[in-house]
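The chain contents come next:
There are 2 protein chains.
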Amino acid sequence: MSAPAPLPLSGVRVIDLTRILSGPFCSMILGDLGAEVVKIETPGGDPVRKQGHRVEGLSWYFAGFNRNKSSVELDLRNPEGVAVLERLLAGADILTENFRPGILDRMGLTEERLRQINPELIVVSVNGYGSDGPYADRPAFDFIAQAMSGYMATNGTPDTGPLRTAPPITDVVAGLYAALGAVAALRGRENGGPAQRVEASMMMSMMSMLAYLTSNALATGRDPVPTGNDHPIASPYGLFRASDGDIAVAPSTDRIVEKFLGELGLGHLLTDPRFASNEVRLRHRAELNALINEALAHDTQEGWITRLNAAGVPSGRVQSVTEALADPQVAAQDMVLRVPHEGRGEVGMIGFPVKFSKTPLQVRHPTPELGAGGRDALRTAGFDEAEIDALVAARRAGRRNHLRRCRNRAPQP
Amino acid sequence: MSAPAPLPLSGVRVIDLTRILSGPFCSMILGDLGAEVVKIETPGGDPVRKQGHRVEGLSWYFAGFNRNKSSVELDLRNPEGVAVLERLLAGADILTENFRPGILDRMGLTEERLRQINPELIVVSVNGYGSDGPYADRPAFDFIAQAMSGYMATNGTPDTGPLRTAPPITDVVAGLYAALGAVAALRGRENGGPAQRVEASMMMSMMSMLAYLTSNALATGRDPVPTGNDHPIASPYGLFRASDGDIAVAPSTDRIVEKFLGELGLGHLLTDPRFASNEVRLRHRAELNALINEALAHDTQEGWITRLNAAGVPSGRVQSVTEALADPQVAAQDMVLRVPHEGRGEVGMIGFPVKFSKTPLQVRHPTPELGAGGRDALRTAGFDEAEIDALVAARRAGRRNHLRRCRNRAPQP
Numbered sequence: 001m002s003a004p005a006p007l008p009l010s011g012v013r014v015i016d017l018t019r020i021l022s023g024p025f026c027s028m029i030l031g032d033l034g035a036e037v038v039k040i041e042t043p044g045g046d047p048v049r050k051q052g053h054r055v056e057g058l059s060w061y062f063a064g065f066n067r068n069k070s071s072v073e074l075d076l077r078n079p080e081g082v083a084v085l086e087r088l089l090a091g092a093d094i095l096t097e098n099f100r101p102g103i104l105d106r107m108g109l110t111e112e113r114l115r116q117i118n119p120e121l122i123v124v125s126v127n128g129y130g131s132d133g134p135y136a137d138r139p140a141f142d143f144i145a146q147a148m149s150g151y152m153a154t155n156g157t158p159d160t161g162p163l164r165t166a167p168p169i170t171d172v173v174a175g176l177y178a179a180l181g182a183v184a185a186l187r188g189r190e191n192g193g194p195a196q197r198v199e200a201s202m203m204m205s206m207m208s209m210l211a212y213l214t215s216n217a218l219a220t221g222r223d224p225v226p227t228g229n230d231h232p233i234a235s236p237y238g239l240f241r242a243s244d245g246d247i248a249v250a251p252s253t254d255r256i257v258e259k260f261l262g263e264l265g266l267g268h269l270l271t272d273p274r275f276a277s278n279e280v281r282l283r284h285r286a287e288l289n290a291l292i293n294e295a296l297a298h299d300t301q302e303g304w305i306t307r308l309n310a311a312g313v314p315s316g317r318v319q320s321v322t323e324a325l326a327d328p329q330v331a332a333q334d335m336v337l338r339v340p341h342e343g344r345g346e347v348g349m350i351g352f353p354v355k356f357s358k359t360p361l362q363v364r365h366p367t368p369e370l371g372a373g374g375r376d377a378l379r380t381a382g383f384d385e386a387e388i389d390a391l392v393a394a395r396r397a398g399r400r401n402h403l404r405r406c407r408n409r410a411p412q413p
Numbered sequence: 001m002s003a004p005a006p007l008p009l010s011g012v013r014v015i016d017l018t019r020i021l022s023g024p025f026c027s028m029i030l031g032d033l034g035a036e037v038v039k040i041e042t043p044g045g046d047p048v049r050k051q052g053h054r055v056e057g058l059s060w061y062f063a064g065f066n067r068n069k070s071s072v073e074l075d076l077r078n079p080e081g082v083a084v085l086e087r088l089l090a091g092a093d094i095l096t097e098n099f100r101p102g103i104l105d106r107m108g109l110t111e112e113r114l115r116q117i118n119p120e121l122i123v124v125s126v127n128g129y130g131s132d133g134p135y136a137d138r139p140a141f142d143f144i145a146q147a148m149s150g151y152m153a154t155n156g157t158p159d160t161g162p163l164r165t166a167p168p169i170t171d172v173v174a175g176l177y178a179a180l181g182a183v184a185a186l187r188g189r190e191n192g193g194p195a196q197r198v199e200a201s202m203m204m205s206m207m208s209m210l211a212y213l214t215s216n217a218l219a220t221g222r223d224p225v226p227t228g229n230d231h232p233i234a235s236p237y238g239l240f241r242a243s244d245g246d247i248a249v250a251p252s253t254d255r256i257v258e259k260f261l262g263e264l265g266l267g268h269l270l271t272d273p274r275f276a277s278n279e280v281r282l283r284h285r286a287e288l289n290a291l292i293n294e295a296l297a298h299d300t301q302e303g304w305i306t307r308l309n310a311a312g313v314p315s316g317r318v319q320s321v322t323e324a325l326a327d328p329q330v331a332a333q334d335m336v337l338r339v340p341h342e343g344r345g346e347v348g349m350i351g352f353p354v355k356f357s358k359t360p361l362q363v364r365h366p367t368p369e370l371g372a373g374g375r376d377a378l379r380t381a382g383f384d385e386a387e388i389d390a391l392v393a394a395r396r397a398g399r400r401n402h403l404r405r406c407r408n409r410a411p412q413p
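Residue numbers (my numbering), protein chains in the order written: chain A, 1 to 413; chain B, 1 to 413.
Hints were generated in silico from the structure; no laboratory data involved.
This structure is a prediction, so every number in the text was calculated from the model and none was measured.
It cannot be assumed that every hint is accurate.
Which copy is meant is left open, because identical chains are indistinguishable; a pair holds if it fits in one copy or across any two.
Unchecked claim - Computed cross-link-like contacts, DMTMM-like style, restricted to lysine to aspartate or glutamate with a CA-CA straight-line distance of at most 20 Å: (1) Lys259 x Asp137; (2) Lys259 x Asp244; (3) Lys259 x Glu342; (4) Lys259 x Asp389; (5) Lys50 x Asp75; (6) Lys259 x Glu287.
Produce the entire structure from the sequences given, and follow the hints as far as they go.
The following block contains the structure:
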């Protein structure tokens, strides 16, 4: 029997200073892809350990963004902590961080110092607005990045005005771009390119996701008009009413509109002057939708969705989050994992959205308890057992002091 | 003078069969990172060439997703076209495609055939639902993936019900994941791992972006409640009213709430029993918001945003798309490029959201006209001049026939 094929980032060592969401998402992706990720946590740990719903004391939000990492607790506000970090960095390929620009410098980890420690180190930063420009020093937050990027203004209806989306989309998009940048920079370095800094910001990442909305705004100088669930330039399109609930239908070309209306027994409408082209259909959207809803009343969501998709007409249900999590396609794609965590039970988390045919990704390490796996990480970095014992003892003492200090300022959920 | 440092994906050859949006976004990212991308277009070209707003005959939507590629026009419905494609694939590192699962097989490019042509080839697929499972054969469309993934149900207010977001977010998120998978698989192959298939789907990619909404739904079995621009578990948070317009404010901890209210001269409210903790503030949100709006009326958006950010309180304007494109931070980050295109003028497009300190990304090739750059691509793949001339002549003849056939079925915008 041969050894299993190595994962894409097998052998890559990441030292991870990130906390909360955008950065931990980036470093988790690197860990999922096979890198060994050492999460450095300041005393008390990543604040997300105390956020979101907890089961047997463990935040499933934290667990969902910190699998495939080990944890080392280090106080980076004192020089001993930074000295340990520097030794870890000496043997690493990648440093990930999501501080505000400038904080790494203030720790003494300037670009020059990092080059001294490890000239081959790739430094990956995730931040709010980028490290140059008038807003570089502003604190980052998803809601604000949604607002500033133009994204919020494209959402909602004429009645609601600009609407945020509930998921912290700018955090995760920036984290995903940063992971891409990290892997690309690594590949470049391994093929004759330089070790370098890589950066992704929440506002700029989100702007790159607006697709034709930015293209058209650049071309015309005009803003898109919020149209809710109606497509601004296609009809029929949107939510329609089957006998037992709504279905979403999105025919993207005239040929697919023809198939859609044909399946409904409404093919004749295409010779009606009100509905003969997309242009006239846009003006008679309400009338057409009423006729479609009348026809759809004769069968269920499930019936129509099966039939329309078989005919090549994209359609589906509007699922709630729990419905989506229970969807048979989601099961077939292994997108909900149940991962045993010692003393915390089986933790539910989202699986791997990128599939590799020969090296399927796995949860190789469950989400670490604060400090868990740290001994191994320190050993790998060349610390001897006595040094590790001293660090662990110092951390325990520090934790007692920290708990005393924190008793009266519990973080907000 | 030394030669410029190579880009991260320098020397990598991508043969790109994708069309429309998710796949072309993936292959453009690979091109932006330095790969040589050859876009194979069926006669008539990618339908997006005729979509979106056109300036001097060129779709800026198409231009924004197809820079850093060359174009070869090939009819893949006939065996001669597929034979040319196979010769191109023999020298490539990566094949990108976003057909429905099974279409590549129907062209004769089964997994086995591809292995014969090039055992080192990485095949990257973007699709709607993944290539296994009950929905594998369904046609993909962004609106449907938003609906099925649970994403739509988290958007909107209790009044609007589930709302799509206007940008085709599931297309671009899947394309971004596929690009990450492509680069990771390449890095793996170059370090002793196998050449393999990589896949990202729109529905599964989007589910992975729901962050704590899925974590909490898995932990509790309950769905998130749509709350519009209010944060479900934080107050104050949201849109507030300065003298000349709204500002978005998102204080994420008690300490930042204290700073926010302090800057407004409302620090005393934190001793008021209605506002003393986040928990009671959630119950008195409307009263607190009214007091905040009263205080904000004394200065402008700009004044408050500068002052609040300086105090560490994340805040910003809700910008329209055109406002965001004209934002000084966006200019400082080079996020709007003006790229000369021969005969088409300067084309506006979004810049590079990932920054590399030593190998800044560039538009090395403007968006190709149909067939442009194809001669070079064919030459690189080993075609001689006579073969290339024959292909170009055949393509011209085919184009005339195609135009005759298409005259009466213009695609929908």
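Checked hints:
With identical chains, the CA atoms of Lys259 and Asp137 are at most 20 Å apart between copies only, with a shortest distance of 17 Å across copies and 54 Å within one. Proximity of Lys259 and Asp244 under a CA criterion of 20 Å is satisfied in neither setting, with 22 Å inside one chain copy and 50 Å between copies. With identical chains, the CA atoms of Lys259 and Glu342 are never at most 20 Å apart, being 54 Å at best within one copy and 40 Å at best between copies. For a Cα distance limit of 20 Å, the shortest separation of Lys259 from Asp389 qualifies neither inside one copy, at 71 Å, nor across copies, at 41 Å.
Only within a single protomer do Lys50 and Asp75 lie at most 20 Å apart by alpha-carbon distance; the minimum there is 19 Å, versus 57 Å between protomers. Taking the shortest Cα distances, Lys259 and Glu287 sit within 20 Å of each other inside one copy (19 Å), while across copies they are farther apart (53 Å).
Hint compliance for this structure: hints 2, 3 and 4 are not met, and every other hint is.
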